[in-house]
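Visitor: Let the hints inform the model, and build the full structure from the sequences given.
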Amino acid sequence: MNKVINNKAWWLVLPVFLLVAFSAILPMMTVVNYSVQDIFDASTRTFVGVEWYQQVLQNERLHDSLLRQFIFSACVLLIEIPLGIAIALCMPTKGRWASACLIVMAIPLLIPWNVIGTIWQIFGRADIGLLGWTLSELGISYNYAANTMDAWVTVLVMDVWHWTSLVALLCYSGLRAIPDVYYQAARIDRASAWAVFRHIQLPKMKSVLLIAVMLRFMDSFMIYTEPFVLTGGGPGNATTFLSQTLTKMAVGQFDLGPAAAFSLVYFLIILLVSWAFYTAMTHNDQQR
Amino acid sequence: MTIRKTLALLLYILFLLVPIYWLLNMSFKSNTEILGGLTLWPQEFTLANYQVIFTDPSWYEGYLNSLYYVCLNTLISLLVALPAAYAFSRYRFLGDKHLFFWLLTNRMAPPAVFLLPFFQLYSSIGLFDTHIAVALAHCLFNVPLAVWILEGFMSGVPKEIDETAYIDGYSFPKFFVKIFIPLIGSGIGVTAFFCFMFSWVELLLARTLTSVDAKPIVAVMTRTVSASGIDWGVLAAAGVLTILPGMLVIWFVRNHVAKGFALGRV
Numbered sequence: 001m002n003k004v005i006n007n008k009a010w011w012l013v014l015p016v017f018l019l020v021a022f023s024a025i026l027p028m029m030t031v032v033n034y035s036v037q038d039i040f041d042a043s044t045r046t047f048v049g050v051e052w053y054q055q056v057l058q059n060e061r062l063h064d065s066l067l068r069q070f071i072f073s074a075c076v077l078l079i080e081i082p083l084g085i086a087i088a089l090c091m092p093t094k095g096r097w098a099s100a101c102l103i104v105m106a107i108p109l110l111i112p113w114n115v116i117g118t119i120w121q122i123f124g125r126a127d128i129g130l131l132g133w134t135l136s137e138l139g140i141s142y143n144y145a146a147n148t149m150d151a152w153v154t155v156l157v158m159d160v161w162h163w164t165s166l167v168a169l170l171c172y173s174g175l176r177a178i179p180d181v182y183y184q185a186a187r188i189d190r191a192s193a194w195a196v197f198r199h200i201q202l203p204k205m206k207s208v209l210l211i212a213v214m215l216r217f218m219d220s221f222m223i224y225t226e227p228f229v230l231t232g233g234g235p236g237n238a239t240t241f242l243s244q245t246l247t248k249m250a251v252g253q254f255d256l257g258p259a260a261a262f263s264l265v266y267f268l269i270i271l272l273v274s275w276a277f278y279t280a281m282t283h284n285d286q287q288r
Numbered sequence: 289m290t291i292r293k294t295l296a297l298l299l300y301i302l303f304l305l306v307p308i309y310w311l312l313n314m315s316f317k318s319n320t321e322i323l324g325g326l327t328l329w330p331q332e333f334t335l336a337n338y339q340v341i342f343t344d345p346s347w348y349e350g351y352l353n354s355l356y357y358v359c360l361n362t363l364i365s366l367l368v369a370l371p372a373a374y375a376f377s378r379y380r381f382l383g384d385k386h387l388f389f390w391l392l393t394n395r396m397a398p399p400a401v402f403l404l405p406f407f408q409l410y411s412s413i414g415l416f417d418t419h420i421a422v423a424l425a426h427c428l429f430n431v432p433l434a435v436w437i438l439e440g441f442m443s444g445v446p447k448e449i450d451e452t453a454y455i456d457g458y459s460f461p462k463f464f465v466k467i468f469i470p471l472i473g474s475g476i477g478v479t480a481f482f483c484f485m486f487s488w489v490e491l492l493l494a495r496t497l498t499s500v501d502a503k504p505i506v507a508v509m510t511r512t513v514s515a516s517g518i519d520w521g522v523l524a525a526a527g528v529l530t531i532l533p534g535m536l537v538i539w540f541v542r543n544h545v546a547k548g549f550a551l552g553r554v
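Chains A and B supply the protein sequences, listed in that same order. Numbering-wise (my numbering), the first sequence opens with residue 1 and increments by one. Numbering-wise (my numbering), the second sequence opens with residue 289 and increments by one.
Simulated from the structure, these hints should not be mistaken for laboratory data. Note that the structure is predicted; figures quoted are calculated from it, not measured. Don't take each hint at face value.
Derived CB-CB ranges, DEER-like [as the list claims (entries may be wrong)]: (1) Asp456(B) <-> Leu83(A): 32 to 42 Å; (2) Ser141(A) <-> Leu367(B): 53 to 63 Å; (3) Leu363(B) <-> Arg198(A): 37 to 47 Å; (4) Leu298(B) <-> Phe254(A): 44 to 54 Å.
Even glycine gets a Cβ: it sits at the ideal position worked out from N, Cα and C.
Guide: Given below as structure tokens:
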């Protein structure tokens with residue numbers, strides 16, 4: 001659609017701008033403020049410049065959790081995106097059954113995050129949870145609270161359970177938007193199911209897929225509540241992700257300066273990756 | 289091929305439902321039964337856990353508080369996002385693309401460390417422990433989303449409708465309320481659903497910005513952990529009850545929810 005250039009449209013955007021700026025810019029500036037000062041109490045503080053930044057960039061613990069965070073997000077994306085696409089392709093196209101599927105699939109998305117942690121905490125226990133009990137009956141030793149591997153698998157399965165539906169819903173809406181003409185043309189050409197997927201469905205889903213990747217990347221990179229409830233970051237530090245390390249620093253040890261400095265670095269990493277996705281998307285738009 | 293597809297879908301749905309069934313199952317058991325051993329369905333069916341929640345004000349007020357700020361947030365998000373989405377869908381203006389991306393970046397701020405600044409900000413303006421504080425804080429991630437979804441729906445409405453209305457002598461506010469809003473009714477429904485969802489599931493900000501008067505249910509739930517161990521039954525019942533409002537909301541928009549993203553700007 002050709003849009004008219006009209007700078008008065010700013011008046012319509014102004015409420016959103018003010019509202020979001022109020023909740024975004026002020027806290028952000030506070031964090032920047034923390035990150036360059038050494039704070040002892042409410043009235044005693046000294047300016048330390050970039051000292052905290054130098055310190056956090058050499059902090060081993062932060063490096064470890066950053067690495068874990070990247071591995072986790074990569075695993076999440078690699079599992080959830082293909083699975084979500086597959087499920088969207090399996091879903092019925094219309095009728096009662098389709099809306100029933102949509103409702104059931106939306107359930108995990110609607111559960112508060114700490115409840116998700118609680119559900120899996122119970123579900124995985126060998127004495128009272130179905131999953132833990134079944135696995136130990138099958139002779140597989142499984143204990144998410146003590147074994148690093150088990151803890152990782154549980155956190156990953158929990159995330160897949162929680163968020164794959166979002167990817168599937170997005171892909172499903174992308175698929176529904178493909179006009180029937182394309183499929184008719186494919187039938188005339190006797191295209192195989194794979195060819196239809198590769199040359200019609202996948203390209204048409206590209207834009208929603210990029211949104212899905214972006215949303216999943218941002219959310220998985222900031223994951224906090226669910227692993228915190230499920231494993232408490234343990235065993236050891238095995239499932240302590242970045243948010244949790246930062247919260248420990250800021251609230252537990254009251255190292256506000258370093259925590260603030262690192263959270264800005266953290267924010268920049270997310271921003272950079274998301275910007276790359278966003279540019280890919282808009283670039284795509286211009287080509288069309 | 290279709291049978292295999294249906295089977296795969298059924299397997300996935302089973303995978304989604306089993307943990308929820310387990311929660312439901314536990315909520316109807318007594319604590320002795322839960323800890324006594326594994327039973328696939330409640331041997332002694334009891335509603336005692338639910339009774340605790342519905343009779344104790346500190347429990348059910350948690351639900352009311354949560355519902356209150358979630359509805360407030362949905363309302364505020366929709367009110368400010370509607371005109372903004374209209375501007376994005378109809379006009380080009382100075383800095384529009386940057387503004388849109390900036391809105392999106394607000395979803396990327398790691399909440400964990402922004403908690404303290406948020407706490408200070410809302411305390412300093414005297415809104416700490418009020419519903420409006422949580423509602424406003426949740427706007428940070430809901431408003432960008434609302435703008436994005438609504439913009440998609442609005443772009444689907446032909447521009448000729450606007451022009452015809454202006455020629456017929458409608459002023460902008462009158463046109464917007466009387467003609468345009470009814471046209472994108474389903475879009476508003478879908479947006480409301482997503483705002484409701486993200487505000488309902490958020491824990492960290494809601495917990496930080498409240499203490500007593502506006503304490504959300506997700507914070508009340510931590511009470512089940514006491515010196516004598518965890519009260520699993522009540523915890524499970526509370527969990528089940530947190531799922532219900534969302535299901536009610538999705539029931540209303542079930543036929544439109546798939547449309548929401550397909551029409552989007554990107």
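Visitor: When you take the CB atoms of Asp456(B) and Leu83(A), is the distance between them in 32 to 42 Å?
Guide: Violated - the Cβ-Cβ distance for Asp456(B) and Leu83(A), about 51 Å, lies outside 32 to 42 Å.
Visitor: A range of 53 to 63 Å was offered for this pair. Does it hold for the Cβ distance of Ser141(A) and Leu367(B)?
Guide: 55 Å, holds
Visitor: Does the hinted range 44 to 54 Å hold for Leu298(B) and Phe254(A) at CB?
Guide: 51 Å, holds
Visitor: Is 37 to 47 Å right for how far apart the beta carbons of Leu363(B) and Arg198(A) are?
Guide: 45 Å, holds
Figure legend: structure checked against the earlier numbered hints; the only hint not met is number 1.
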